[in-house]
Structure formats: C-alpha cells, structure tokens
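Number of protein chains: 2
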Amino acid sequence: MSTPTTRAPTNLGALLRDLFRELTDHIQRRHAEHGHPQVRTAHGNVFQFLDDEGTRVSVLAERAQMTKQSMGELVAHLEAHGYVERVPDPTDGRAKLVRATERGHAVYPVAHAAIAEVEARWAERLGDAKLAQLRRLLEELDAGRA
Amino acid sequence: MSTPTTRAPTNLGALLRDLFRELTDHIQRRHAEHGHPQVRTAHGNVFQFLDDEGTRVSVLAERAQMTKQSMGELVAHLEAHGYVERVPDPTDGRAKLVRATERGHAVYPVAHAAIAEVEARWAERLGDAKLAQLRRLLEELDAGRA
Chain A
1 MSTPTTRAPT NLGALLRDLF RELTDHIQRR HAEHGHPQVR TAHGNVFQFL
51 DDEGTRVSVL AERAQMTKQS MGELVAHLEA HGYVERVPDP TDGRAKLVRA
101 TERGHAVYPV AHAAIAEVEA RWAERLGDAK LAQLRRLLEE LDAGRA
Chain B
1 MSTPTTRAPT NLGALLRDLF RELTDHIQRR HAEHGHPQVR TAHGNVFQFL
51 DDEGTRVSVL AERAQMTKQS MGELVAHLEA HGYVERVPDP TDGRAKLVRA
101 TERGHAVYPV AHAAIAEVEA RWAERLGDAK LAQLRRLLEE LDAGRA
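Going down the list, the protein sequences come from chains A and B. Note that this note's numbering has the first sequence beginning at 1, numbered continuously upward. Note that this note's numbering has the second sequence beginning at 1, numbered continuously upward.
Hints are supplied without guarantee of correctness; some may be wrong.
Remember, identical chains collapse to one label, so a pair may be satisfied in a single copy or spanning two.
[Stated by the list, open to error] Keeping only pairs whose Cα atoms sit at most 25 Å apart, straight-line, the calculated SDA-like set for lysine to any residue is:
no.	residue 1	residue 2
1	68	58
2	68	132
3	130	12
4	130	65
5	130	58
6	130	95
7	68	82
8	68	127
9	96	80
10	68	33
11	68	22
Keep in mind the hints are simulated off the structure, nothing from the lab.
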C-alpha cells in the first residue's frame, strides 16, 4: 500500500490551512497573554458575528455556517467566562439575544492587534508588493464564491 | 458602541478562512455523496497524518497540532464508523497504533477528486496564470513559517 498522498502538503488547501492556522495560533497566544486564555480560536465564530445590540444563537449559527448546537456550546463557554451575556430580545420577549459584555468587548482590540502583527510579519516575509498581490488574488478568488 | 470591526471581512485571515472553508465544505459534500457522511472536515486531521503501518494517537495529535484528547475523540468516531482500527504496536506491545481500514482507504480518492474539482473551479474563476501566481505566493509565504 502506497503512502496516502493527502499527506503531501503542497495542495492549495493545505497552504491555506497552514497560513490560517499561523494567524489563529498567534491570536490565541495574544489572548492568553492579555488574560484571556479561555478565548480560543473557535470563539472567533461568536465574536466576529455579534451585533452590538445582540444576536440570536440561531442567527450566529447561520452566519458562522455552524449547527445551532455547536454555536450554543461556544456561546455557553463564553457566557460561563463572562465574555457574553444573554438578554431578552426586545422584539420578542420569549427569545434571547447574545451580547458581548465589557470583558467581551476588551477582546476585540487584542485580536485586531494580533492580526496586524501577523500581517506585518507576512509583509516582512514576502515584501509589501507581493503581499498586496496576494491579497488582491485572494480577494478576487473569494469574490467569485457562489 | 461602534460596530466591532472584526466583522469587516477583508482581512487576510478572513479570506484564507473563507477559501479554506469553500474547499472543506466541498470535500465533505463529496464524502457524503459517496456514502461517507460520517467523515467530516475535522477528520482530515486524522486521515492526512496516518502512516500506512499505523500511527499512535499521541503522534497524530502532535502532527495535527491538537491535544491528545481532541485527537482521541476524532479517532474514536472514525473507529466507531469503521474507518480506522487500533492494532498493537509491534515495537511496544502495550501501545496501540491507529491504522486505516479498507473502508478508511476508500476515503482518500474521494478527497483527492474533490480537491481537484475545487482547484479546477478556482482556475476557472481566476484563470490558470493567476491561480499559479497565487499558489507561488502562498508557497513562498508558507515556506517562511518558523
């Protein structure tokens, strides 16, 4: 039986995954260093899709393309650690909205700074011109998604 | 309170994530269509790091940069559905190796074909020349990871 060829790491998927992981690992490290070790990569699926006034779990799940159950688990973890709270939906008293707490809002600037740091590292690695070219190609490819 | 700016989807991380997800969603769909709905994206972390003769869970975890516990859960799921089996390690009778079953081996060509389909779709979207350029830039950036 030959070696499974999926292990060869030069396909585009593996490249995208490795670079995305370099970024998310750095964000997670910075969160930990800033006193938020409980905020893991997966929780970006909550933070980045939260509206200021709060968002239903079902809507978060849809935006993040996750099951409602998986999103519910992420939200429960963040709620238990004080990053989000559930408040009544003013448009429907039986429904709940998930909203960032003050502690939750403190996470955003840490993530933004970490992203900027990785982009700076990448600019150093590739040079500004090539990084801009890479961004344009990724944007063009992404814009064509169905 | 202003809108959290992490929601703006033009940072490089979001682009990498969206495109990687386009790829993994397609692979998962093809697995389901070929009778393997139990094989989800996360299980790529097992399949792509398995040696033909079998691999310890701790080694799989290290290769996939996951905790041993998370890797153990993925392996248990695949074992329950007949994709991998645990066999004694010939070099240490107390240890176990995880190895793909015949059913497990059947998954690789489906994944490879799905990856080729997405790359063909991307080549159509960007053109061959730009896709080749994108691949070169990603390879160069990836090669510089510490």
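Hints, one by one, checked against the model:
1. In this homomeric assembly, residue 68 and residue 58 come within 25 Å of each other (Cα to Cα) only inside a single copy, at 6 Å, whereas the closest approach across copies is 31 Å.
2. Within a single copy, residue 68 and residue 132 get their C-alpha atoms no closer than 37 Å, and across copies no closer than 38 Å, so neither meets the 25 Å cut-off.
3. Proximity of residue 130 to residue 12 under the C-alpha cut-off of 25 Å is found in both arrangements, the shortest distances being 18 Å within a copy and 13 Å between copies.
4. Proximity of residue 130 to residue 65 under the C-alpha cut-off of 25 Å is found in neither arrangement, the shortest distances being 31 Å within a copy and 29 Å between copies.
5. For the identical chains of this complex, residue 130 and residue 58 are neighbours neither inside a copy (40 Å) nor across copies (38 Å), given an alpha-carbon limit of 25 Å.
6. When the C-alpha separation of residue 130 and residue 95 is checked against a cutoff of 25 Å, the pair qualifies neither within a copy, at 48 Å, nor between copies, at 48 Å.
7. Taking CA atoms no more than 25 Å apart as the test, residue 68 paired with residue 82 passes inside one copy only; the shortest distance there is 21 Å, against 28 Å between copies.
8. Taking the shortest Cα distances, residue 68 and residue 127 never come within 25 Å of each other, neither inside one copy (41 Å) nor across copies (37 Å).
9. For a Cα distance limit of 25 Å, the shortest separation of residue 96 from residue 80 inside one copy, 16 Å, qualifies, whereas the shortest one across copies, 37 Å, does not.
10. Taking identical chains as interchangeable, the C-alpha atoms of residue 68 and residue 33 lie at most 25 Å apart only when they sit on different chains, with a minimum of 23 Å there against 30 Å within one chain.
11. In this assembly of identical chains, residue 68 and residue 22 lie within 25 Å of each other by CA distance solely across copies; the values are 20 Å between and 28 Å within a copy.
The structure fails hints 2, 4, 5, 6, 8 (numbered hints given earlier, in ascending order).
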